[in-house]
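Residue numbers (the working numbering), protein chains in the order written: chain A, 1 to 337; chain B, 1 to 337.
Derived by calculation from the structure, the hints in this document are not laboratory data. Mixed in with the good hints, there may be bad ones.
A pair counts as met if it fits within one copy or between any two copies, since identical chains are not told apart.
List time: in silico DMTMM-like cross-link candidates among lysine to aspartate or glutamate, alpha-carbon distance up to 20 Å [to be verified]:
id, residue 1, residue 2
1, Lys-277, Glu-51
2, Lys-31, Asp-158
3, Lys-313, Glu-289
4, Lys-31, Asp-179
Predicted model, so just to flag it, every value in this text is computed and none were measured.
There are 2 protein chains.
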Amino acid sequence: MNLKQYIEIMVPEIEKELQRQVARLDEPHTKLFHEMVTYHMGWTGEGAGQEATGKRIRPLMVLLATASCGADWKSALPAAAAVELVHNFSLVHDDVQDNSDKRRGRPTVWTQWGVPMAINVGDGIFVMANQAIMDLTKAHPALTVVQAATILHNICLDLTRGQFMDMSYEERTDLKMDDYWPMIGGKTSALLSACTHIGALLGNADEKSQENYRQFGYHLGLAFQVQDDILGIWGDEAVTGKSAASDLVEGKNSLPVLYGLEKNGAFAKRWKQGPIKANEVKEVAAQLENEGARQYAIEMSHKETEKALAYLKESNSQGEAGEALLELAKKLLKREQ
Amino acid sequence: MNLKQYIEIMVPEIEKELQRQVARLDEPHTKLFHEMVTYHMGWTGEGAGQEATGKRIRPLMVLLATASCGADWKSALPAAAAVELVHNFSLVHDDVQDNSDKRRGRPTVWTQWGVPMAINVGDGIFVMANQAIMDLTKAHPALTVVQAATILHNICLDLTRGQFMDMSYEERTDLKMDDYWPMIGGKTSALLSACTHIGALLGNADEKSQENYRQFGYHLGLAFQVQDDILGIWGDEAVTGKSAASDLVEGKNSLPVLYGLEKNGAFAKRWKQGPIKANEVKEVAAQLENEGARQYAIEMSHKETEKALAYLKESNSQGEAGEALLELAKKLLKREQ
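Whenever a hint applies, use it, and build me the whole structure from the sequences.
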């Protein structure tokens, strides 16, 4: 089987497991609560469907990691659901925190039902992630379940740490590139590292191999985020689905911007003067590129990609599932093609 | 030892365990995040101290339940910390959802650091609750830890269910008393039931006894909430710390109000006309009492108290710790004295 075939088999199973977890809310007094969750998950409401669910990359990483250790990936389905639920809980709260009114092309939960309900929807999804991971007991010894849950909880704290840093960086113009890595390490890499780590744990990999899987996911996350930063300034709107350079208008503290701030040249001077307007974006982006920020970010992304792939190679991943995991990683990192 | 002596020994240990859990955030990049949490917990910032921490009733229930099964309560400390952290996570989010600017006499987290940060503080505290429960592995077999975590996660979903109902009841005037019990079952009783349930589990009680402990906590929660509802309309401001009858002004769907709505008399007519103003409160409260709501609520509170105490008796709780648990329950239910 190749990646495409794995996806065709695995994604329907992931959806089924997710729906089973979320069905806990499908009770007489909480019908609307359940509906809010299924709306966010992309299953119900206007615009429901594949575009709205997202690609389920994270649960696929869990299942492929387990399979690439030579174990039955179906036994890891509750963990796959758990990481996807953690991802979605964080999106619901992010959208409130960032005041974002659209998510995957649809109105966000808070614009539909208000901020208080959206906070509760995020909380509920998070709880169901915790319940999902406990469901591993059906196929794994209690000690393994405790280990998987501990990994998940630890990276969840990293998520909130990253979110804290991201929010506290707003309005600051004294940031260094050293402030960047712990932030995206929490916001993006932590959850991906949990996917491959837990996948390997459930595949009965030994500790050294688990650590290689974990590092693979972690560096994949860093590479992915840096690439996202590049696309956010110099990307093609048709591919990224958001207007290129919107990161400049939004004042996002991405790697290229922090590079430019450290250079302390013309870009830094302009950046410190206040919000970039839409009509200046082209010029400011060109300025930043001239100062070397794009090239630097590309190099960093390549460096992290190399690290990720080296750890995957070390991990002793096997067979077609191992190939598919590599393919998924490469696919994730070449979104502009 | 009596309850007072248990409290003197246990509360400092609870604080120590809580501080240990929360120290996970005490890192260079997240100092302020850690500070936000310690502020909310009542340890730091203006007004820090015993008044600000709350009474730690829930962790005391856990530890006394464990001790009353004849086991070492110290082995249950991570669970005690977990339930207190769950309680506090829900308070931080509640304050945002209810737009409350004061908590235990101090400005709430969101008024100090804004809504986006407060959402993240709540999320972080919740994650640390999950991490705390996993720390039970130090003294308990993995299977017991999985069972404790499962109890905790299940009641956390009940919390979000109760919160959903509470929020969705706002502005509704067609509510029945049947809508009341599932709401407070989630908002108030679920967590108390988890305290006594987990406490008994960690005390190695058998399943039947665990169920009695669980029911004790659950009905104690119902009795407590109904009493809180009574105080919210006819209470003495000096005791409750909030202005009596403020529940009427806030339009809270408490048991006496739902009783009055079902009666469909003069109170219901006035209630449906819109918000009660401060200068009408005395008259409306008297009207509601005339229609029998106060008497009914007192009866229900007594009934639930009796149930709770009967389950405690059945639970086979032992020794001084068993006596202290009974004392704590009675103390909780007689706040007006």
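Verification of the supplied hints:
For the homomeric pair Lys-277 and Glu-51, neither the shortest alpha-carbon distance inside one copy (30 Å) nor that between copies (49 Å) is at most 20 Å. Taking the shortest alpha-carbon separations for Lys-31 and Asp-158, only the inter-copy value of 14 Å comes in at or below 20 Å, while the best intra-copy value is 32 Å. Taking the closest pair of Cα atoms, Lys-313 and Glu-289 never come within 20 Å of each other, the shortest separation being 34 Å inside a single copy and 75 Å across copies. Proximity of Lys-31 to Asp-179 under the C-alpha cut-off of 20 Å is restricted to the inter-copy arrangement: shortest distance 14 Å between copies versus 43 Å within a copy.
Consistency note: the structure conflicts with the earlier hints numbered 1, 3.
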